[in-house]
Amino acid sequence: MIKAILIFNNHGKPRLSKFYQRYSEDTQQQIIRETFHLVSKRDENVCNFLEGGLLIGGSDNKLIYRHYATLYFVFCVDSSESELGILDLIQVFVETLDKCFENVCELDLIFHVDKVHNILAEMVMGGMVLETNMNEIVTQIDAQNKLEKSETGQVDKGIGDF
Amino acid sequence: MSDVVERTLSALPGLLGQHDPGAGPGGAGGPGRVSASSRLGSLIRNITALTSKHEEEKLIQQELTSLKATVAAPSTTLRLMKECMVRLIYCEMLGYESSFGYIHAIKLAQQGNLLEKRVGYLAVSLFLHENHELLLLLVNTVVKDLQSTNLVEVSMALTVVSQIFPREMIPAVLPLIEDKLQHSKEIIRRKAVQALYKFYLIAPNQVQHIHDKFRKALCDRDAGVMAASLHIYLQMIKENSSGYKDLTGSFVTILKQVVGGKLSADFNYHSVPAPWLQIQLLRILGLLGKDDPRTSELMYDVLDESLRRAEINHNITYAILFECVQTIYTIYPKSELLEKAAKCIGKFVLSPKINLKYLGLKALTYVIQQDPNLALQHQMTIIECLDHPDPIIKRETLELLYRITNGQNVVVIVQKMLDYLKESKEEYAIINLGGKIAELWFIQTMNAVFSVGGDVVHSDIPNNFLRLLAEGFDDGKEDHQLRMYAVQSYLALLEEEDKLYPQKFLQVMSWVLGEYFSLTDVDPEVILTKLHSLLKKTFVTSETKAWIMAAVTKIASHTSCSKTVDELIQELSSSLDTCLRQYAFELQHLCEDKALMKSLLPFDASCSDLVVDASLSFLDGFVAEGLGQGAAPYKPHHQRQEEKLSQEKALNFEPYGLSFASSVSSSGVTGRQSPTGLSFGSDTSGNSAETGHKETNTLKLEGVRKLWGKEGYLPKKENKTGKGNEPQAVPCGSLLAGQVGEPPALQPDQGASLSEEDKEKQQLASTLFVGLGSSAGVSLMGKADTATQKFKRKSKINETQQLSEEASDFQSSAASDFGPLLDTVPVNMEDSEGSLHTRLRKASSCSSDIVEDNLAFETLQSLRKSVLDDRLSANRLSQSSLFADSNIEILQPSPSAQCESASETPLVPSLPEELEGLPHSEGEGLCQSDALALHLCKVWTDDSLLLVVFVSNKTTSALHAVNLVFEETEHFQILESATSQFPVIEAQSVEHCQKCVRMSKVCTQAILSGSVSYQSEMETRLEFSVTLSLMDFIRPMEMTTEDFGKLWLSLSNDVKQNIKMSSCQDSLSAALDTLQQKLKLHRVDIIGNEGILACQLLPSVPCLLHCRTHSGMLALWFRSPCAALPDGLLYQCQKLSQKQSCRGNPTREYYSIQFSIENSVVSILIFHSVTIFIAAWSILKDEPVFQEGKEAGQKEESTSPVCMEELVQEAARGQSSYADSAELAG
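The listed protein sequences derive, respectively, from chains A and B.
To convert, note that position 155 of the first sequence is 154 in numbering that gives the first Met the number 0; the numbers rise steadily by one, no gaps.
To convert, note that position 1097 of the second sequence is 1096 in numbering that gives the first Met the number 0; the numbers rise steadily by one, no gaps.
Think of the hints as simulated: they come from the structure by calculation, not from any bench.
One thing to keep in mind: the hints can contain errors.
Claimed, not checked - The calculated label-pair distances, taken between Cβ atoms and stated as ranges, are:
no., chain 1, residue 1, chain 2, residue 2, range
1, A, 141, B, 47, 28 to 34 Å
2, B, 617, A, 59, 46 to 52 Å
3, B, 211, A, 59, 27 to 33 Å
4, A, 141, B, 182, 18 to 24 Å
5, A, 138, B, 1000, 53 to 59 Å
6, A, 141, B, 1053, 48 to 54 Å
7, B, 61, A, 141, 37 to 43 Å
8, A, 141, B, 102, 55 to 61 Å
9, B, 969, A, 141, 31 to 37 Å
10, B, 955, A, 59, 44 to 50 Å
11, B, 292, A, 102, 51 to 57 Å
Stated by the list, open to error - Incomplete in silico selection of chain B near chain A, CB under 7 Å:
no., residue
12, 314
13, 317
14, 357
15, 622
What the hints assert, rightly or not - Rough simulated footprint, nothing fancy, chain A against chain B, three-plus residues with beta-carbon under 8 Å:
no., stretch
16, 379–391
17, 1128–1136
Where a beta carbon is used, it is the ideal one built from N, C-alpha and C, also for glycine.
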């Protein structure tokens, strides 16, 4: 199971945090800090896996991360997930973001936290991988956007008529 | 990809100043990109401009205040609210609480249009957790959205349900989600399955009825839905693999199709077909095939194909390969596949890609126990990894080394670990490694561990260390040296003034100094001064001070008169710390009577048994005197509270009354070795050796001379003699004293040239891998000698091995070292045997009660009277067939039957005599090979579950060194030790051993696995597993109504549930009887339509059940101190009621009675109490002798007793004349 998905930048500023297991508000912040601390001091040419920090739950857990330019994407998972599988899932996630935002950058993540969460929700649901096919995810998101847009449009129009 | 991101991101700081996010490319961002520029944009811009954390805090607080005003204003539109929510999400992410917005998030989810609703749901799922009280307000919205025709709404509702949903509200949405499994859109079906998976995780009881729907999802026409259902199956199979063996074929077929490329190309990822799906399936297969040759057989082909198909072209194929390898090594081994898998591991280990190397090491660690030769093949790579720049790789390598540690390489490996420990600053790594080193153990090593690891090392480690030191080994001289070395090294460490040591280390030091100071010729006064100065230090915690004081007391008892001690007493008598003051007074009084002090604190008696009169009988006189003078008798705390409660009449539980007996009286043991024990017994960091003593004390109460009596302490020479024997008590060789002196520096010389470096690496390899696998491994290096030369005391190598074994034994159990448990167990059993017999009889009489209850129709009254009582009950055989229908789990011991089976196959085991009388299961085969067979029999004794394992030697020659080991699991705890050894099992004979098992973590059922190894021509190992259910550990708990009432109030965890009663138990008493019989509950009382039952989970966790019937429902209310126990029992109850209602066909509910008359079995079925069907079956001829069906009309009901009697008599006659009955049957 995926316990948490964290995105933060090179300075440790959180850009997205999603916890699939319950942690208290304070613990969540500590986990983000601890994870950043662990991940940021790793060189570029070392492996992408880390045995879990203390807070997130000890030896059964591992951190799997990827570093893209200014952003770290970290997945905290338990032993029932495949390391390489998750590593590629991160890649799928980032590629999907790239497709949805057309050349995604840190700014997109900051200003559209809600959209990033929506995309994530199509990939991972309740801590389990739901969809790994990028095209499928993009289709879902597009379809939803279209529906929403049409509804909002109608409402706006309705109000205007009124 | 990454450079794309880089391009945009590198410009970020500059962009933030003037960049309008709306100016970015449109696309999916759509309108959002524009709107965000407003408030959120300025907020973020401002935050980015700030430099200090403090400023950020101020700004966010400002922002929150303004948000609070906005969301509370009634004029705020939903659209504005949506924007506010996004800002709140941002603030929460930065760690600022914004609880004022939670309720508005729920409102937004409820009222908004799609876009706003989505943000509302998102905010709710980010802000709240599943136990949050506000979440209940969301339930209605979710229900509404689940019923919506809009796909997006349904999909959002399902997402939120799988993220957070209150457990108790599951029934409200469950039927809706079940409906969604038939939805036409695959994405909805898929999400519904995931939501159900969530429900399964948090409340397995609530979804147990829809397991067949999971199966349907597994067969869904869409592969995505099928993949989602795999999550559920993986979880269920993890919990109970035996229940899903039948699905193995399906999983194999699915995997075969996926691997064969039968899925549409949509599922491909980098032209690999559905890799994540493959990974999931491989995991499931691994779980299914574990220890099961037959199931494993089914998957060999597909695993082979997976390995073959996974051509290396991408990262993801490695993921599949890794999973394949793991599965191959998990399931029942097949040499051909193992070979391929080993080759695969080689590819990983040798890969230049660091991720793969890491996984390769991981795989090696996983398989090392099965195949140590594999490590030998890669030893040079492993050595290189040991110096790898990546600490994670290093740690994984150490983990691998840890697995192959043996007596010959322990020194080198520990050294390597220590090196790592010194470099590492991660708390996690220190804890983890510290534990491992402690297992591999060394004094000097320990000193380093303590001072580096400090207070984060687990508290067991110092305790184990001290125990090892105190118990010593069988060589007195070496013990002496070891202890002396410890004292000297600690004194040297304390010499350095002003150096900070971790508290735990100080505690260890002071204990050792207090216990063994006289071994050195250092003046005690010097040690006292040191301890005294330590006491004055501010960084020393009061707990540590207690340890130090204990040491001072011990030392003081052996010195005549000490200035320091007097000074100390003076100083501490006025200390603010009450504990220290107490110590000082104790010390002062003891100093006044040196003789008493000496006898109280004999030298080196930490291992001698202390006998404690836990009942405090020596106070009896004092108590009697007090009572005589009119003092009130003592009441335990809970009783007093209870009385207060009942006086207040807060809850009317009067019929139940008060007083519960079985609460264990806690015995305050005052061991002199544990300084904490002297004053505050609740201190958790007491010496674990002490707990060991406690166990022995409670076990060995008889036969040991009392040291504490009515007059107080009884000084005897007992202790002195005990002391002489003790150090020799534990047989174990010790190399320590010798090795402690020489530093274990086996590091290659740093100044060596390159070619020498290689040589040294090889040398290091040979020292690391000695004793691994066959001798071929050592000769591989061609330098076997250098390895052993490192160990100057060659002859002791075996002993070192023993040492490491000893160290690992250490963790396993305290009881095995101390308690003569084996001696006491048979005694207990003999004692209880008699009572068990009577119990059994009682149980059987109970069950006949049940039959009577079932028969409690007027229609059958006369029949029962005339037939059952008079004719049948005399005959034992018929009695047992009476019970055949009620499915009694208690087997009646029938010696004749066992003799029979024993004569058929000589090797079928029979229980030892003392166990035969106890209720037990039939022997089941666990595993067998050509030479050996294992059978297991569960014996349910009153106080435990005994697993009796029979090892039968099927060969014609004796088997040697048969070793039976149970694996440790989180669910079960095996008392005594988990292993049994039989040095020799004679040809064609059976040996047995008993293991007493307790459930340490409550679960409905779990698997206990183990292995047996033996020596015939070569060493062979067989694995087996046995499923133990919760019911194996449940025993009735006898108590009175009063006890029940009292206990009920004191328990906090409760679970309530209504279950539908099947018709055959529609009376309360019938329902209770079923519970009593099937779940081994004790029926305490029935009052009106309420009944109470009690049971206990062994050893003594009570669980109480309160039942009430109303309109066909049975309301169950469990209470127990253990949170998981009520859930487990509830599950059993539900299963039971399901089973029963299955038997009672919904349209044709029937009651069935079966009994036998002379040589026929008669069964009577009554459908809807109107149709009666009687069949008689001749036992002798094994054919039907009589059948009769009769429609008894409504009006005939009153006359049916007569009718029944006639029929039964006819049946009886029919047995004598077959022809007649044939006619009747026609």
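Consistency of the hints with the structure:
For residue 141/A and residue 47/B, the Cβ-Cβ distance of about 31 Å falls inside the hinted range of 28 to 34 Å, so the restraint holds. Taking 46 to 52 Å as the suggested C-beta distance range, the pair residue 617/B and residue 59/A conforms, at roughly 50 Å. Between residue 211/B and residue 59/A, the C-beta spacing of about 32 Å keeps the proposed range 27 to 33 Å intact. A C-beta distance of roughly 20 Å is found between residue 141/A and residue 182/B, which places it inside the suggested range of 18 to 24 Å.
Taken as a hint, the range 53 to 59 Å is violated for the pair residue 138/A and residue 1000/B, whose Cβ atoms sit roughly 44 Å apart. Look at residue 141/A against residue 1053/B: about 49 Å separates their beta carbons, and that is inside 48 to 54 Å. At about 38 Å, the beta-carbon gap between residue 61/B and residue 141/A stays in the expected band of 37 to 43 Å. The beta-carbon spacing between residue 141/A and residue 102/B, approximately 33 Å, falls outside the hinted interval of 55 to 61 Å.
Separated by about 46 Å at the C-beta atoms, residue 969/B and residue 141/A break the suggested range of 31 to 37 Å. The hint said 44 to 50 Å for the Cβ distance between residue 955/B and residue 59/A, and at roughly 48 Å that hint holds. For the pair residue 292/B and residue 102/A, the supplied restraint of 51 to 57 Å holds, since their beta-carbon distance comes to about 55 Å. Annotation: residue 314/B was flagged as interfacial toward chain A, and the flag holds, the nearest CB pair being 6 Å apart, inside 7 Å.
Contact between residue 317/B and chain A, as hinted, is supported at the beta carbon level, the nearest pair being about 6 Å apart and thus within 7 Å. Of the supplied interface hints, the one on residue 357/B holds, with its beta-carbon coming within about 4 Å of a beta-carbon of chain A, less than 7 Å. For residue 622/B, the suggested interface contact is broken, since its CB lies about 49 Å from the closest CB of chain A, more than 7 Å. Judged by the Cβ-Cβ criterion of 8 Å, the stretch 379–391 of chain B is covered by chain A as claimed, because 3 of its residues qualify and three suffice.
Coverage of a stretch by a chain is defined here by at least three residues with a beta carbon nearer than 8 Å to that chain's beta carbons; for the stretch 1128–1136 of chain B and chain A the count is 0, and the condition is violated.
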